[in-house]
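Protein chains in written order, with our numbering: chain A, 1 to 396; chain B, 1001 to 1537.
What the hints contain is simulated information worked out from the structure, not anything from laboratory work. Don't take every hint at face value.
[To be verified] Per the computed footprint, the stretches of chain A lying under chain B, defined by three or more beta-carbons under 8 Å from a beta-carbon of chain B, are:
hint	region
1	206-218
2	283-293
3	341-347
[Claimed, not checked] Cut-off 27 Å, straight-line C-alpha distance, at most; resulting in silico cross-link-like pairs (DSS-like, lysine-lysine):
hint	chain 1	residue 1	chain 2	residue 2
4	B	Lys1408	A	Lys394
5	A	Lys304	B	Lys1033
6	A	Lys215	B	Lys1408
7	B	Lys1313	B	Lys1332
8	A	Lys304	B	Lys1144
9	A	Lys304	A	Lys332
Using N, Cα and C, we set each Cβ at its ideal position, and we do this for glycine too.
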Amino acid sequence: MPIKSPFHQRTSQFCQSMNWKDWAGYYAVVSYDTNHEQEYFAYRHAAGLMDVTPLFKYEVTGPDSLHLLSRIMAKDINKVKQGQVTYCCWCDDDGKILDDGTVSCLSQDHYRVTSAEPVFHWFHQNARSLKVTIEDITSRFGILALQGPLSREILTHAAGGDIASLGFFKLIDSTIDNRRVTITRTGYTGDLGYEIWCENNDALVVYDAVMESGKNYQLIPAGLAALDVARIEAGFIMNGVDYFSANHCVINSRKSTPFELNLGWSVNLNRDSFIGQQALKKEKKEGSLWQFVGLEYDWDAYEKIFANFDLPPQTPAQAWRTAVPVYNKNGKQIGRATSGAWSPILKKNLALASIKTGNFTMGDTLHIEVTAEYERQLCPVTVCKPMFFNPDRKRD
Amino acid sequence: MIKFVSKPKTSSYDAVIVGGGHNGLVCAAYLAKAGKKVLVVEKRPLVGGAAVSEQIAPGFIFSTFSYVVSLFRPHIIRQLNLVKHGLQIIPMETTYNPIPGDKGLVRWADAGRTRHEIARFSQKDASLYSEFGLAMGRLSRFTKNIIDTTAPQPASLNPKELFKLLKMGKIFKNFDGNMRYLNVKLMTMSAIDFLQEWFESEPLLPSMAGSGIIGTFMGIRSPGTAYVLLHHYMGEIDGAYRAWGFSIGGTGQISLACAKSALSFGAEIITDAAVDHIDIKNGRARGIVLENGDDIKAGTVISCLDPNRTFLKMVGEHELSENFITQIKRYKNRGSSGKVNLALSRLPNFRDGRPGQHHLKGDITIAPTIDYVERAYDEAKYGEYSKRPFLNIVIPSLSDPSVAPPGKHVLSAFVQYAPYNIKEGADKWPDKREAFGNAVIDTIEEYCPDIRSCIIHKQIISPWDIEKMTGLTEGNIFQGELSLEQLAFLRPVAEWSRYRTPISKLWMCGSGTHPGGGLMGAPGELAAKTMLTEGGV
Ligand SMILES: Cc1cc2nc3c(=O)[nH]c(=O)nc-3n(C[C@H](O)[C@H](O)[C@H](O)COP(=O)(O)OP(=O)(O)OC[C@H]3O[C@@H](n4cnc5c(N)ncnc54)[C@H](O)[C@@H]3O)c2cc1C
Chain A
1 MPIKSPFHQR TSQFCQSMNW KDWAGYYAVV SYDTNHEQEY FAYRHAAGLM
51 DVTPLFKYEV TGPDSLHLLS RIMAKDINKV KQGQVTYCCW CDDDGKILDD
101 GTVSCLSQDH YRVTSAEPVF HWFHQNARSL KVTIEDITSR FGILALQGPL
151 SREILTHAAG GDIASLGFFK LIDSTIDNRR VTITRTGYTG DLGYEIWCEN
201 NDALVVYDAV MESGKNYQLI PAGLAALDVA RIEAGFIMNG VDYFSANHCV
251 INSRKSTPFE LNLGWSVNLN RDSFIGQQAL KKEKKEGSLW QFVGLEYDWD
301 AYEKIFANFD LPPQTPAQAW RTAVPVYNKN GKQIGRATSG AWSPILKKNL
351 ALASIKTGNF TMGDTLHIEV TAEYERQLCP VTVCKPMFFN PDRKRD
Chain B
1001 MIKFVSKPKT SSYDAVIVGG GHNGLVCAAY LAKAGKKVLV VEKRPLVGGA
1051 AVSEQIAPGF IFSTFSYVVS LFRPHIIRQL NLVKHGLQII PMETTYNPIP
1101 GDKGLVRWAD AGRTRHEIAR FSQKDASLYS EFGLAMGRLS RFTKNIIDTT
1151 APQPASLNPK ELFKLLKMGK IFKNFDGNMR YLNVKLMTMS AIDFLQEWFE
1201 SEPLLPSMAG SGIIGTFMGI RSPGTAYVLL HHYMGEIDGA YRAWGFSIGG
1251 TGQISLACAK SALSFGAEII TDAAVDHIDI KNGRARGIVL ENGDDIKAGT
1301 VISCLDPNRT FLKMVGEHEL SENFITQIKR YKNRGSSGKV NLALSRLPNF
1351 RDGRPGQHHL KGDITIAPTI DYVERAYDEA KYGEYSKRPF LNIVIPSLSD
1401 PSVAPPGKHV LSAFVQYAPY NIKEGADKWP DKREAFGNAV IDTIEEYCPD
1451 IRSCIIHKQI ISPWDIEKMT GLTEGNIFQG ELSLEQLAFL RPVAEWSRYR
1501 TPISKLWMCG SGTHPGGGLM GAPGELAAKT MLTEGGV
């Protein structure tokens, strides 16, 4: 049985649809309404408030904190200054990715890490002989993600401190209705947004205060279904969907490396040693087997596939995550699309995919499997960078 | 923001488009994309025509005229990169019919919830509602085919034309007997008669029938209005068939996105530049002359103005045959609608006992009974505006907070009937405007008693004002009624439904051409594509 997050009293009150799922052992709202559309548009045009408490959260403290994190992370955490947050991934000795998440630097000996999966053991194992304390704080803190173009206004009203000038991937300690919170300018929607950390006991007070100041900005509670569409538009990968943690892979070919997932930008190779460094250096030199790309369906062709059955084009109502094969123009399978969605604001059908290196270049046309009237069909797709939507306001 | 200038860079173009309505801009974008040197000439300081967003009071942005989007063609959005140029549409989820002292009727996106709502008024109607939607959905596929292609020419012997007719015939043939009858009924009946074959209760009936009369000078009991209902089931947002949506930033954002797209392909746009007439010699258009006397040469002139203004004012009767002139004069422009835009200090209270604001996010239709709507029409027939009009209200700030200051709102009321030809004469509208606005606010007050205390600013637009501001003849919102005898191969007149005109090198691209009015961009697109394939430019 999943457990209730510290915001459950409120989220359950708003969740008219009773549409819940189990997210890392917590009850999480899929959509508050019978469909997720309003919530999606709130993320893009106003603001949505989401309970992201189920993220795994760790506190790393002590003089060797930095040492530990730069040993584990593929990114050079030495570069992360106090008050900064960074997105990063970490690998096993073979350079195969284990998970991705964020590291926040509260001070030089105090960090917070979020992850999709439990990492306590991995961190602990690598901390031997270091002066650090690793604490699983998952069940001590609640996190709210406030995402959308109006999130800054809402938070400026709700929270103390200078929210207006809080930069992209920066954090501040603040208060909301006299409760202590940490606010990071981060999120998973690819839009302007913030995440608010608070102690469990303060959760409801903080939730109410944010909702109250969101009243004039059309803030609504939003769920995972809407988030899934937003994160695909933003091209954000998901552990367990677009790649599998090496821990879970029975066969080697299932594993991925940061370079193969288009996360090369988050790998700093030339520095003190970190886990997977040798393998990643080698891969960098010799090239990667796979590339992570975006695919845009040729909509006219897509419509035609359905028109051949005298049907209007059908797109799944929700983002999908059952992988489908991708072929080159000769009909040879060269990869797989791992998740996708119809983008309501881009008016495009999108997918994220892993394609074998050497079989394509950006802008090429490949073919993806589409099922129409129970029959398998091929639809042309254009290969592009895996970032379909990237508004200036995200960073401004 | 883009700044427009009012002087063209050169004095000669491949194509000059008269009027920067959204169709003119779409047409310009397609032609420029094909490498043509294009100039759009707009008389107002801003582009968009009947699709403009204007700041009427500080911080309040109104969609001055058109206020919701339904049929904008998704392929145009893709082909012209309109999203990149700022176009975003949010679907509207609800339709609300308030009734004083009652909860009223809300139709939600959620079918089950809608059924429960309708069942409060009639169990039978609740049961039939979704089946009706399915039947209409099937029929509208037939119609959708029509709006995405140029009008078929039934009198033509060209195999392509015959094929097009055949294709439609095939869809029609695939309908079973019932569907075919339904189609014929739609073409001939009044909205109310047609709906009464299915439903029995108010306010469901008048509210559904309302969509059959928008933009027409007909009542819900007038034959032919049933067909327009179908348009509601044809709306297509995100590839899915759905009713209506809001354009973020108001409907002007649609025009701006089209303008930016056209500019990105190299088109030029000038504003504050009214065209006086089209320069014609020996039956051939050669360019335009501006009101300031400047003349601009063009290989082809394309008019985005309505047929009446294009031929009777821009071309001149002396250039055209008597038969053609008669047909243009017969083409119905009867303006019948007005608009009241309100800036509100807070959300008015509908006193319906419904919690929250969700049910106010879509459109709010004031049409409590069949007689109410028909009575509103009765007054119009005799040259008066309705004292208790049919209203289609939206509060877009509930979905798009960017159009009003925090906590404040914009309310747009589309009003029918406001006949252009009031019995005192159309030019007496300025004297009647205030009283007309008051009748609308009085009507809203019956549902929201506190409405007057919420109003910070109001803008009242009569059909006479629509004509003055946009050039739409008689203020007809669709550049001519969308009645059956003025659609498809009959729009604007028989033989001239393919964007061509009797004047060589003069083409049309506005809502007065197939497939007609509304924010869809289709006339502009189809005109451009026809010109490009038929050597028109
Ligand atoms: C009050 C109102 C409400 C409406 N509501 C909706 C709605 O909610 N949804 C919907 O889909 N449709 C609605 N419509 C209809 C829709 O807005 C129109 O069908 C559509 O915008 C017409 O576009 P167009 O480009 O064909 O022509 P227009 O918008 O009419 O463009 C013509 C352009 O030509 C310019 N012009 C005129 N004379 C000259 C001249 N002499 N020289 C240079 N330029 C000139 C005008 O300023 C204008 O910009 C509404 C219309 C009105 C008036």
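To see whether the hints hold, each was checked on the structure:
Coverage of the region 206-218 of chain A by chain B holds in this model, with 4 residues showing a Cβ closer than 8 Å to a Cβ of that chain against a need of three. Under a criterion of three residues with beta carbons nearer than 8 Å to beta carbons of chain B, the stated coverage of the region 283-293 of chain A fails, only 0 such residues being counted. Judged by the Cβ-Cβ criterion of 8 Å, the region 341-347 of chain A is covered by chain B as claimed, because 5 of its residues qualify and three suffice. For the proposed pair B:Lys1408 and A:Lys394, the alpha carbon gap of about 26 Å is at most 27 Å, so the pair holds.
Restraint check for A:Lys304 and B:Lys1033: satisfied, since their Cα atoms lie roughly 24 Å apart, inside the 27 Å limit. Straight-line distance between C-alpha atoms of A:Lys215 and B:Lys1408 comes to about 11 Å, which keeps the hinted pair within the 27 Å bound. Restraint check for B:Lys1313 and B:Lys1332: the C-alpha separation of about 16 Å stays at or below 27 Å, so the hint holds. At most 27 Å may separate the alpha-carbon atoms for a hinted pair to count; A:Lys304 and B:Lys1144 meet this at roughly 15 Å.
Taking the CA atoms of A:Lys304 and A:Lys332, the gap is near 23 Å; set against the 27 Å cutoff, the hint holds.
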